[in-house]
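K.L.:
With the hints as constraints, model all of the structure from the sequences given.
Line by line, the protein sequences give chains D and S. Counting in numbering that gives the first Met the number 0, the first sequence runs from 0 upward without gaps. Counting in numbering that gives the first Met the number 0, the second sequence runs from 0 upward without gaps.
Worth flagging that the hints you see were computed from the coordinates, not collected in a lab. Errors might be hidden in some of the hints.
One-sided excerpt, in silico: chain D residues whose CB lies under 7 Å from chain S [to be verified]:
id, residue
1, Lys-4
2, Gly-6
3, Pro-140
4, Leu-157
5, Glu-189
6, Pro-230
7, Ala-238
8, Leu-244
9, Gln-257
10, Gly-258
11, Glu-260
12, His-261
13, Arg-264
14, Leu-265
15, Ala-266
Using C-beta positions, here's what the derived DEER-type ranges look like [as the list claims (entries may be wrong)]:
id, chain 1, residue 1, chain 2, residue 2, range
16, D, Gln-79, S, Arg-112, 37 to 43 Å
17, S, Asp-116, D, Val-160, 18 to 24 Å
18, D, Thr-270, S, His-299, 29 to 35 Å
19, D, Gln-79, S, Asp-116, 33 to 39 Å
20, S, Asp-379, D, Asp-246, 28 to 34 Å
21, S, Arg-112, D, Tyr-49, 38 to 44 Å
22, S, Arg-112, D, Asp-206, 45 to 51 Å
23, S, Pro-75, D, Glu-284, 30 to 36 Å
Glycine included, each C-beta is placed from N, C-alpha and C at the ideal position.
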Amino acid sequence: MVSGKGGTGKTTVAAALALALAEEGRRTLLVEVEGRQGIAQLFETEALPYEERRIAIGPGGGEVFALAIDAERALLDYLQMFYKLGGAGRALRRIGAIDFATTVAPGLRDVLLTGKVCEAVRRRGPDGGWAYDAVVMDAPPTGRVTRFLAVNDEVAGLARVGPIHHQAQAVMRVLKSAETAVHLVTLLEEMPVQETADGVAELRAADLPVGGTVVNMVRPALDSTAATPLPAPNDLAAALTRAGLRDAEALTAPLLSQGREHVTRLALEATQRDELARLDLPVRELPLLPDGVDLAGLYRLARLLRAQDW
Amino acid sequence: MRSPQEPLETDPLIDDPDTRIVVCCGSGGVGKTTTAAALGLRAAERGRRVVVLTIDPARRLAQSMGLTELDNVPRPVPGIDTTAGGELFAMMLDMKRTFDEIVEAHADPARARAILDNPFYQSLSAGFAGTQEYMAMEKLGQLAARDAWDLIVVDTPPSRSALDFLDAPQRLGSFLDGRFIRLLMAPAKAGGRAGRKVMSLGMAGLSLVTGTLGKVLGTALLRDVQTFVAAMDTMFGGFRTRADATYRLLQAPGTAFLVVAAPERDALREAAYFVERLAAERMPLAGLVLNRVHTSDGAHLGAERALAAAETLESRESASDADRAAAGLLRVHAERMRQLTREERTRARFTAVHPRVPVVEVPALPEDVHDLAGLRAIGDRLSQTDGAQPFG
Numbered sequence: 000m001v002s003g004k005g006g007t008g009k010t011t012v013a014a015a016l017a018l019a020l021a022e023e024g025r026r027t028l029l030v031e032v033e034g035r036q037g038i039a040q041l042f043e044t045e046a047l048p049y050e051e052r053r054i055a056i057g058p059g060g061g062e063v064f065a066l067a068i069d070a071e072r073a074l075l076d077y078l079q080m081f082y083k084l085g086g087a088g089r090a091l092r093r094i095g096a097i098d099f100a101t102t103v104a105p106g107l108r109d110v111l112l113t114g115k116v117c118e119a120v121r122r123r124g125p126d127g128g129w130a131y132d133a134v135v136m137d138a139p140p141t142g143r144v145t146r147f148l149a150v151n152d153e154v155a156g157l158a159r160v161g162p163i164h165h166q167a168q169a170v171m172r173v174l175k176s177a178e179t180a181v182h183l184v185t186l187l188e189e190m191p192v193q194e195t196a197d198g199v200a201e202l203r204a205a206d207l208p209v210g211g212t213v214v215n216m217v218r219p220a221l222d223s224t225a226a227t228p229l230p231a232p233n234d235l236a237a238a239l240t241r242a243g244l245r246d247a248e249a250l251t252a253p254l255l256s257q258g259r260e261h262v263t264r265l266a267l268e269a270t271q272r273d274e275l276a277r278l279d280l281p282v283r284e285l286p287l288l289p290d291g292v293d294l295a296g297l298y299r300l301a302r303l304l305r306a307q308d309w
Numbered sequence: 000m001r002s003p004q005e006p007l008e009t010d011p012l013i014d015d016p017d018t019r020i021v022v023c024c025g026s027g028g029v030g031k032t033t034t035a036a037a038l039g040l041r042a043a044e045r046g047r048r049v050v051v052l053t054i055d056p057a058r059r060l061a062q063s064m065g066l067t068e069l070d071n072v073p074r075p076v077p078g079i080d081t082t083a084g085g086e087l088f089a090m091m092l093d094m095k096r097t098f099d100e101i102v103e104a105h106a107d108p109a110r111a112r113a114i115l116d117n118p119f120y121q122s123l124s125a126g127f128a129g130t131q132e133y134m135a136m137e138k139l140g141q142l143a144a145r146d147a148w149d150l151i152v153v154d155t156p157p158s159r160s161a162l163d164f165l166d167a168p169q170r171l172g173s174f175l176d177g178r179f180i181r182l183l184m185a186p187a188k189a190g191g192r193a194g195r196k197v198m199s200l201g202m203a204g205l206s207l208v209t210g211t212l213g214k215v216l217g218t219a220l221l222r223d224v225q226t227f228v229a230a231m232d233t234m235f236g237g238f239r240t241r242a243d244a245t246y247r248l249l250q251a252p253g254t255a256f257l258v259v260a261a262p263e264r265d266a267l268r269e270a271a272y273f274v275e276r277l278a279a280e281r282m283p284l285a286g287l288v289l290n291r292v293h294t295s296d297g298a299h300l301g302a303e304r305a306l307a308a309a310e311t312l313e314s315r316e317s318a319s320d321a322d323r324a325a326a327g328l329l330r331v332h333a334e335r336m337r338q339l340t341r342e343e344r345t346r347a348r349f350t351a352v353h354p355r356v357p358v359v360e361v362p363a364l365p366e367d368v369h370d371l372a373g374l375r376a377i378g379d380r381l382s383q384t385d386g387a388q389p390f391g
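P.N.:
Spelled out as structure tokens, the structure:
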């Protein structure tokens, strides 16, 4: 499960992780639940239908499949799978019950989305082995992820007996097992780090397994500036002239103010790293890609994830 | 590369007594809440009676306004400059309490008790995703109806999609128009109009549907849902009328939408969707607030030349401390210039498609905002229509 505050790049990290996990001869499934078609955009393909389809070969040689879950279709699938409804399923749709379940009662939507993922996790292939070696979900943002993942606990309490009760319990067993890990993506900024800390506390309180944090878009630290005190304007102007820049005088003030901002940022980032370290979780890092994340960039991130300890 | 767009002038917007509601929308993580708070503060210090409604569960507005907690009631924000005669209130939406209040206001005490004690209601109101959007609309409607403020600044929920905010009332409407709710209520409320509607489906259809629901939901849950829907029935009508009224309020001339984004691909894509959607709904878009834009006063020195100069200094035989420091600063500058170019490219894609949307840029600040002084600084930047041009 990959979550993170809005704007931290959780979809990118989820996609890179799915690529990274695709070892030779293995299959991973990358699942999207927010209906934004973020996966299709990252992999530069047309919009994904509600269907598992192969979208890439990972750098390790394995296959990556992707699925954009549509809550309404997932509900009809479920009804079909568990209750063999046939015509009754269509009747439910006709009277608006499906609409109700997937939009007006959005808790049920979360039940369906988590249920579908757990189904993929537990599915067997024709050879009796697991259909997927790993399933990566681009989960809702940190602020909602605990409620999203724990929704089946709530459902098991509401529906005290019957098939929904059992299904909800089965999904919670998978989500709370040692085979699940919730990774939280953050930036080295105050609010995302604070939200990550809150998210970790909520996940732990709900008994959900926290994997680690992924610090995304890490900008290069320019050590020479951090280590050296900022030069006096005159010295800087002289050095810029030695470097062959003619407009040295006009550049000193902007360069010094940018230098001060850079030093401030490094200090803030150091504070945020300390905050993350206090969570006592593995921390992985991914760099800011200067030209944005295109397909080549995504593979680069996947290789960088593979190179780190998991 | 100066943008062809007209600037978004926020001061005339918030000073205009005809502006009654400003809605800040956009995807998560772009500084929506900060923008809403900064605009509210600025409007208040320029003489308006303002309430800022925030919905973000991270309670960031609370922090940035120096308040430890915001409950479901607007509270005066201390420390603002009231010399212009304005005032500032802030509140954070408490979803469950808003829902409870609606129930208490629109049902008799016994019925209200039955609803509030219903397990299905308790789960629904405690914040299944989606409830937030209804309650945000409801609260906005309440604040507007109280007529105690002359400007309401709204921060929209951190939805899975920013558009949910617009869709919620209509979804509720279509649900209430639907036959499903009547069917659900049929066993709890025999006869009457609903009963006849159910009959018209045919008895076979009815037993098929309720039988199926019982099988899927479990009879106990189905009973809870039915009790809940029956109990809510009386208030649903009023709920919907108000949601429709709020929707119309959003289309009214006194409302202005600000789409908030950062100069990043995803945020601007979401902003573009929003701009198109607002136009389709005939909702008044004031413009785009582009937060966290990087600028440089030394923009005439490009990234490549800065790097070349840095290398020259570093390769000098007897490089001095000043040389090394200057090289470091040149590298910082080169990185800044690359970022600027990236941001401009991203922004140009938006501009090409939406050339007529007015834009105001707010420069990236090295530190996060968490006090009134910081919000004032953001407000100043929001009102500058010429100072924030990185490519002047």
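K.L.:
Are the hints correct? Go through all of them and say.
P.N.:
Now for the hints, and whether the structure bears them out:
no.	hint	in the structure
1	Lys-4	holds (6 Å)
2	Gly-6	holds (2 Å)
3	Pro-140	holds (6 Å)
4	Leu-157	holds (5 Å)
5	Glu-189	holds (4 Å)
6	Pro-230	holds (4 Å)
7	Ala-238	holds (4 Å)
8	Leu-244	holds (5 Å)
9	Gln-257	holds (5 Å)
10	Gly-258	holds (5 Å)
11	Glu-260	holds (4 Å)
12	His-261	holds (5 Å)
13	Arg-264	holds (5 Å)
14	Leu-265	violated (10 Å)
15	Ala-266	violated (9 Å)
16	Gln-79/D <-> Arg-112/S: 37 to 43 Å	holds (40 Å)
17	Asp-116/S <-> Val-160/D: 18 to 24 Å	holds (21 Å)
18	Thr-270/D <-> His-299/S: 29 to 35 Å	holds (34 Å)
19	Gln-79/D <-> Asp-116/S: 33 to 39 Å	holds (35 Å)
20	Asp-379/S <-> Asp-246/D: 28 to 34 Å	holds (29 Å)
21	Arg-112/S <-> Tyr-49/D: 38 to 44 Å	holds (43 Å)
22	Arg-112/S <-> Asp-206/D: 45 to 51 Å	violated (33 Å)
23	Pro-75/S <-> Glu-284/D: 30 to 36 Å	violated (44 Å)
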